[in-house]
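Asker: Spelled out from the first residue to the last, the chains are:
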Amino acid sequence: MKRYSAFALVREALRDHSGWKRAWEKAQPKAEYDAIIVGAGGHGLATAYYLGKNHGITNVAVLEKGWLGGGNTGRNTTIIRSNYLQDPSAAIYEKARSLYETLSQDLNYNVMFSPRGVMMLAQTEHEVRGYKRTAHANALQGVATEYITPERVQELVPIIRIDGPRYPVLGALWQPRGGTARHDAVAWGYARACSAMGMDIIQQCEVTGVTQENGRVTGVETTKGAIRTKRLGIVVAGHSGVMAEKAGFRLPIESVALQALVSEPIKPCMDVVVMANTVHGYMSQSDKGEMVIGGGADGYNNYTQRGSFHHIEETVRALVETFPMISRLKMLRQWGGIVDMTGDRSPIISKTPLDGCFINCGWGTGGFKAIPGSGWAMADLMAKDAPGPLSAEFGLDRFRQGRFVDESVAAGVAH
Amino acid sequence: MLILTCPYCGVTAEETEFHGGGEAHLKREGPGSDDAALEGYLFHRENPRGVHFERWRHVYGCGKWFHAARDTQTLEVFGTYPAQTTTPPEDLLATIRDKRPGFTWRGIS
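Protein chains in written order, with the numbering used here: chain A, 157 to 571; chain B, 114 to 222.
Some clues are possibly wrong.
Unchecked claim - Derived EDC-like pairs (lysine to aspartate or glutamate); straight-line CA-CA distance at most 20 Å: (1) A:K540 <-> A:D562; (2) A:K507 <-> B:D148; (3) A:K402 <-> A:E362; (4) A:K507 <-> B:E152; (5) A:K486 <-> A:D511; (6) A:K386 <-> A:E369.
Read the hints as simulated data drawn from the structure, not as lab findings. All figures in this text were calculated on a predicted structure; none of them were measured in a lab.
This is chain B alone, in the form it adopts within the complex (with noise of 0.2 Å):
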């Protein structure tokens, strides 16, 4: 049972009070963009057995979407952060490579 802390109201539950919205900072392609890069947009998706950046929303709660840092093999959760930003926070990053040093995802190490 993963334990997350909503960044917007503070509450921290259980997993059941959330729920997982994917891949975080997806960089979105529309027309103009060549076939390749669409299809990177829609279908593949980082899929780390470790280190993993996700969405999720606190739907039983505020109903914010925010972000959270994940280890998918252990399942720690490392912190979560607003959505209102394209790449994690300096903090929380260094919290990781302390944990788990060498990690990279999508190029962020």
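So that you can see chain A by itself, here it is in the shape it has in the complex (with noise of 0.2 Å):
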């Protein structure tokens, strides 16, 4: 891999941008590796690269059935924080929120963080107790999170309006270091960075069965013919529930559409993200000057990768209250993602009935800003064959131990 530097940039502006490599190799499967992972979206190349980087395997081949990034990894709307109320929560999506801060430099690659801050207002005396205990909480897991004055949001936020009709802003949980990241960008970064390590990514390549003898996993069937591995990572968010089928076992989880939509283009306006739970709505301006706006989950099963109409009214409703000044703002595009949804909101980073089968899974609505923390945690436990600090608490067996890690009612609804 060719370092990204100034000096690189000064060496291909001198002769014609000739030198400029792919940012990651096309490979075509081997027969074996040490480990697979399945799902090439941020989660499963953050899962091979600390597989790589922290455990020494790269070895290592991540296939895809669409195209790198293409899944969820594209279709959120990139908010990083970690202002969560359990403490297993608090502890991966911190780590991964810290890993973050450093993502640029470690990859080499410019993932754009920007801490700009988010907060999450509170419109009901409901969720004014729920957010002034999460401060609490995140006060001692050693998150850095505070409950602030209206006064305070409007200060931050001057397009808000604090005293709207129906929901009169009453205050906020507020992450000063929470933020958003460019998400094609964690994607590319990630894989680049893994082709670098020798790993194999494997596009357009679709896991059609997973083959095993004696209750262990012996590898995988795809369009582009069988591949034998001891260890196999399952990284698919909303279609877990069919590759689990292929292995053999179930999940406790439901796929359903989240859906998003970015306005035109307009100039600064809000420098934080805005999260309304409420209501259901959240905001933040892109760098281009796009207004994105994340809205509700359909209220059924389905895998569209589109939303329904209706979603996008109530959302844009409930925010044309809050940011008045958005009323005659056109949308570009509107898009949707198929989320995996666990009982208790909170995901699966597990061994599974199949030895040698691991699965990460069940970040529903929000698992964007949990990517780095979530591949630490998954490389972890694939490499030692067994939970580690970060993944201990979620795995599939609390549901049969009623031992949840419950993020439904603490988190409101919007992740």
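Dock chain to chain to rebuild the complex, using the hints, since each chain is given by itself in its own frame.
Answerer: In structure tokens form, the structure reads like this:
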């Protein structure tokens, strides 16, 4: 891998940019790998990267049905925060957030991490109590958040209307080092770093079956032939249920479409991320000036990557009430992603009933923020064949044992 | 936008008039069931990419619960049927077999 640097820019400028290499190599599958990851989204690529970086396992293939980062990694609203209530959540999301701080340097790829601050509005008395509780919990967990007044909200976000008719702003949970990052760059940066370690990233290669012998995984069948491995990681978000069925076990997961939209670009007007969970909408401004808006999930299982139209109306209606100045804004694009929802709204990073097969899923509506921490924990689990400190509480067995990591109430609806 | 027909009041309306209620025909488990059965009942749900059977409620209408058969990939609704049954009706299954040859859902095919 040729390092990107100011020196490299100058050198290439002087020779008509003829020396830039592909960010990652095209690869064809080999007969066998030490580990195979299914799914080349952020979580899958991060898993592969930390397998190599932290555990020295580099004979790895990452298989992708579509194209790299074309699923939820390229479909989210790029928000990064770690202000969760429960200790296991705070640990893994804060690990992820802190890795994001230096990810560009680590990967030698600019992921444009922008710790501009994330604000979660409290618009009911219930939310006020909830967020104060979260701020106290975060203080104990070592996550820097604070509960702020409506005046401070107005100061940080001049375009917000704090005395709206239905849901006035009563305060907010403020995480100053939360923010956003360039979602595609996260996938591309990890892919480039994996490729540089000699890993094979194989796109347009769908896994059609999981082969096993005596309860142990032996490999996968794919559209590009059979590949042997003793360690298989399934990291496919919305399609986890479909893959689990191929591997012969069930998951406590249901898949629904979650959608987002962006407006036409306008001049800078809001330099923090604002989430309004009661009215169910969240918004930030991209570096291009578009208002990036996240909305609600569909109320029924589906795999359409589209989302119901009336949810856009609900989201936009709520946001216009909170941000009156966006009422004349034209929306440019709308899209959906398939999110994998668990009953307690916490992820699953776990061994499975099939030996040698591991699963990382259930990130639901909030996976992007967790990518580095998720990959770190999953790599640790796959390398040692035993859950580490970050993943121990996120096992599949927690459902049978009633040992939930309940974030469904704590984090509200919009993750 | 899904268009559903309530099998009780006969109204055909957009999905905003209804509310999804999750997987249909669950077998309830209780005291005396083993842990695996209880876990399955509480948490494991069919999550097919394709034919799915669900409970729906006509919340902004007659208020009745009913069942619907639907494709989660194309959003096509194959039909709806009353709640007082533990299996989908045969004529609906025939329609689905015709449209999605080889489909399976929890032992139904």
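Asker: For a quick check of understanding: which of the numbered hints are violated here, in increasing order?
Answerer: Numbers 1, 5, in rising order.
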